[in-house]
Structure formats: structure tokens, C-alpha cells
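Line order of the protein sequences matches chains A and B.
Using the numbering used here, the final residue of the first sequence is 258, and nothing's skipped along the way.
Using the numbering used here, the final residue of the second sequence is 258, and nothing's skipped along the way.
Hints are computed from structural coordinates only; laboratory data are not their basis.
Some hints here could point you the wrong way.
Copies of one chain are not kept apart here, so a pair can be met inside one copy or by any two copies together.
Cross-link-like lysine to any residue pairs, in silico, SDA-like; alpha carbons within 25 Å at most [what the hints assert, rightly or not]: (1) K161 - E132; (2) K161 - T222; (3) K77 - D242; (4) K154 - D28; (5) K161 - D188.
There are 2 protein chains.
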Amino acid sequence: MIRLRWWTTAVVCLAAFPGVSWAQPDRDVLYQTSTLGALMIGIYDGPVTFGQLRQHGDFGLGTFNGLNGEMIALDGKFYQITADGIAHEVKDSTCTPFAAVTFFDRDHTAPIEGERSFTQLTEHLGGLLPTENVFYAIRIDGTFSYVKTRSVPKQERPYPKLVDVIANQPTFEWRDVKGTLVGFRCPDYVRGVNVAGYHFHFIDDARTKGGHVLECRLRGGTVTTDLTRELLLALPESEDFDRAALENDDEQATHHPE
Amino acid sequence: MIRLRWWTTAVVCLAAFPGVSWAQPDRDVLYQTSTLGALMIGIYDGPVTFGQLRQHGDFGLGTFNGLNGEMIALDGKFYQITADGIAHEVKDSTCTPFAAVTFFDRDHTAPIEGERSFTQLTEHLGGLLPTENVFYAIRIDGTFSYVKTRSVPKQERPYPKLVDVIANQPTFEWRDVKGTLVGFRCPDYVRGVNVAGYHFHFIDDARTKGGHVLECRLRGGTVTTDLTRELLLALPESEDFDRAALENDDEQATHHPE
Chain A
1 MIRLRWWTTA VVCLAAFPGV SWAQPDRDVL YQTSTLGALM IGIYDGPVTF
51 GQLRQHGDFG LGTFNGLNGE MIALDGKFYQ ITADGIAHEV KDSTCTPFAA
101 VTFFDRDHTA PIEGERSFTQ LTEHLGGLLP TENVFYAIRI DGTFSYVKTR
151 SVPKQERPYP KLVDVIANQP TFEWRDVKGT LVGFRCPDYV RGVNVAGYHF
201 HFIDDARTKG GHVLECRLRG GTVTTDLTRE LLLALPESED FDRAALENDD
251 EQATHHPE
Chain B
1 MIRLRWWTTA VVCLAAFPGV SWAQPDRDVL YQTSTLGALM IGIYDGPVTF
51 GQLRQHGDFG LGTFNGLNGE MIALDGKFYQ ITADGIAHEV KDSTCTPFAA
101 VTFFDRDHTA PIEGERSFTQ LTEHLGGLLP TENVFYAIRI DGTFSYVKTR
151 SVPKQERPYP KLVDVIANQP TFEWRDVKGT LVGFRCPDYV RGVNVAGYHF
201 HFIDDARTKG GHVLECRLRG GTVTTDLTRE LLLALPESED FDRAALENDD
251 EQATHHPE
């Protein structure tokens, strides 16, 4: 019997696969399943599970099959904000028709002082971010004197358009609540693919409630940003998606409700 | 000394890196550096080398720093069509400001019979491709009774817009030439990012001449397609790119000259 020293075999083992990537999954990629345009016109079911999605990130936004609530991913945990505004942890077997995630690695942190509305907050962020032409994952941990969110109720086929769903969306208001805004800023040129500009979901510190942010007043907190230059757009293997009459409709993209 | 059987070590070696990807580079991804919008407004220099680009594909389109000609990648070889219409092999150290490549793996092949103009050819392709909502790499090998291409001459800073460069573009006409159309069809919703619809470059069988296709008459040939559902948009690490005043200008996207 030939006896090889263990490290010899290890070296051979490593060298024998020249095409193999030894890198960890690339963390600095914004991964997205499906497109905003598809969601807008009612493509509410997709084949991607949260078990698959979490391979691509620990931070992000999205929704669930049947448009069953708002998704928020934070610190590696995935939450479903159902139509009552309540947060539930998501099972790996649950599926999503639209979601965007990344591994959140801090590039910059800055305190935010003084009370700011949602508009004032995004204007402030605009001054912090170095270029308009790339993607940012953004988390804002703080104390909010006011937060208004919405969620969306599960839909039944035939699915209405998203704009019609949110015409009757349940909204929630909280005062003096600690929590986190989780979101992205995407460049204008990807409208139709994702939300151009800022898009935030909220979850409270206790991870019990939240939703898609409609308005807020941040009393003070910390903003942390993760700049990424890579977008991996993964289109679902789905007859619904393939048959969808997608359009790069400026109206829909500019007045995005998701 | 502890003696381990070689296969024990190999198993340990394989099992010890749970985060390691054993997959080959994902071949079914359309990889793109920079955006069409950036190229349109004169971002003609980028940091990506062809040595890097070929890690992401063996088939595709693009241009060169300084807008120095049309790029065509076919069967793993990268060619530069200079402003005289002549094809040159590209060095790995050369850089590109805009390119899109994939590993071409045949999904479908079909003969194309009967003479067809470029418009008739793309209409014919439209009937072959199963959905408008995904990406296709397309190669058409055949005999052309006529091909008209253009290339672009190297530019000097300050760079003019692409639309102004091609107002004076050199064009080339060939008759009774065998060669290959290399291109992509991208869905409408990515306009601003890449060319919405069809975009082809041509190279002759001898790999001596070609360019960006303006018109052709295909006498007969074969179309081979590679459907992909993933787009990896990689934005360049470049001050030029970061400072660019990018807009999702429908006019520019619809009347794309690249």
C-alpha cells in the first residue's frame, strides 16, 4: 500500500481542481429575483425559496408568494410582515416572487442627529453617499417619534395589479418606537428592474412589527451603508414570468408602490 | 506520526470547506461591465482588462478604451475590429469601458433558409425565441449576400457623445461573404443598462474583418441560441463612471447606436 503524508494529499486535493472557485460566495453583490415590473403587473408567485435566497444575502427586502406581506431581512433573519403589521420569522420552504438581498458589510457609519422626516432623511443620505450611479444597502437604527408603514394582504388569482392592491392597503402608525429601516438605493437606470432611488422597510427593535415605510420621523440614530457595484438579476424559471407582458413603463417605475 | 489513508484525507479536505463553492464558474450568466447609458454619454475608459473579461465568457460584444473599435468574442477568441474594418486579436492587458459576455452553451439550433434582410432575420428570430422576458446569446453562422457594418475610430479626450462619434462613423460593405453574427437579445426593461432588443456584431469566417452590423442579407445559415436568466451587472471602479451624469433616457435607449 502506498502511504502518502496527509499534507501531500491535501495539496494534491487542492491542486487537482484548477477550475474550482475557492472563494466564498461573493458578498458584495446585490442579488435580485424577478423584476419590479413583473411584480407591478401581478406576477405574485415565484419558484425561489427563502432557503435559496439566504444563500445570497442576510439583508434585504421583498415579498412572498401571493403577495402575502412585506419581507425584511436583517442580521441574517428573514421576517414576514403580514397584513396586520405583525412580524413572523420566515421558513426556508416559503417562496418569493420578488426580493433583493445582499450580505451587509459596513462601508460607512454616521450618526444622524436632529429630528428628520422621511424626505429630510433621504435628502440627508443623498449628501452622504459618494455617487448616484451604484447600489447601496442602507440600514438606519434609531428612535422614531413616528413611523407609518403598510403591508399587503395575500391575494387570490386572478391577481390584480399591485397599484390596485395598495389602493386598499392596511397601514399602521407607531409613535416613539425604536427600530431599523432596512433598504436600498438603486440608480435611476435600473428602473423597471428595481426601485429607482430609496426603498425602505421598517422593523422594530423587538422584531415584532413593521412594514413598507410610507412616512417616518427619525429622532436620532445611526446610518450604516454598504456600497455595491454588482447587481445579479436572476429571472425566475416560471411560466407566469415568461408570459408576462412586461413593459419598461416610466409611470409605473416612477410611482412605484412597492 | 499519524498515518491517514489518502482517501480519508481527501474526504476531510473536501468536507473542511463548507463555504467553498465547488461549482465551475456559472456559465449561464450574462456578464456586463458598465452600462449602455454610460457609454452613450462618453464614458469610454474602463478598468476591466480582457484578461478579466474572459473569466466571464467566451462569446460577446463590446468596445475598447478610447472607443477604439468594435469588440467581438467568438469561440473564446476576442477580436478588435479597428476603424478600418480589420479584425485583430485582443491582448489580455487591453481594457474595455463596456462589454457583455457569456459562456455560449447551445440551447437550440435551427437552420435558416431563404434570403433575409436584417429586419426579416430578427423577425424570424422573434418567432423562435420562447419568451421576450429573458436574455439570449445568439450566433448566426451563414453565407451573406450582403453585410454592412461600421466601426468607430479611437477618440481623444474630452470625449464626444457616442451619437456624435457615429455621425461620422466609417462603414464597410461586403458581398458574398461567409461569417458569423454574434449578439444578444435583451428584454426591454434593461434599456439604459444594455441594448433593448437585438444587437449584433459580424466577423467573417477567416476572422479578418467585421464590425457592428447595420444591415445584412443572409442567404442561408444556422442560428444557435443560448437562453440565460441571469444578468451580472458589474459597475466599473472608475471616477469617470462615478461622476457621470447618467440618465435613463428613453430616447438614447430606443435609438441606441452601439
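Verification of the supplied hints:
no. : hint        : result
1   : K161 - E132 : between (30 Å within a copy, 20 Å between copies)
2   : K161 - T222 : neither (36 Å within a copy, 41 Å between copies)
3   : K77 - D242  : neither (31 Å within a copy, 32 Å between copies)
4   : K154 - D28  : neither (32 Å within a copy, 34 Å between copies)
5   : K161 - D188 : both (23 Å within a copy, 20 Å between copies)
In summary, the numbered hints that this structure violates are 2, 3, 4.
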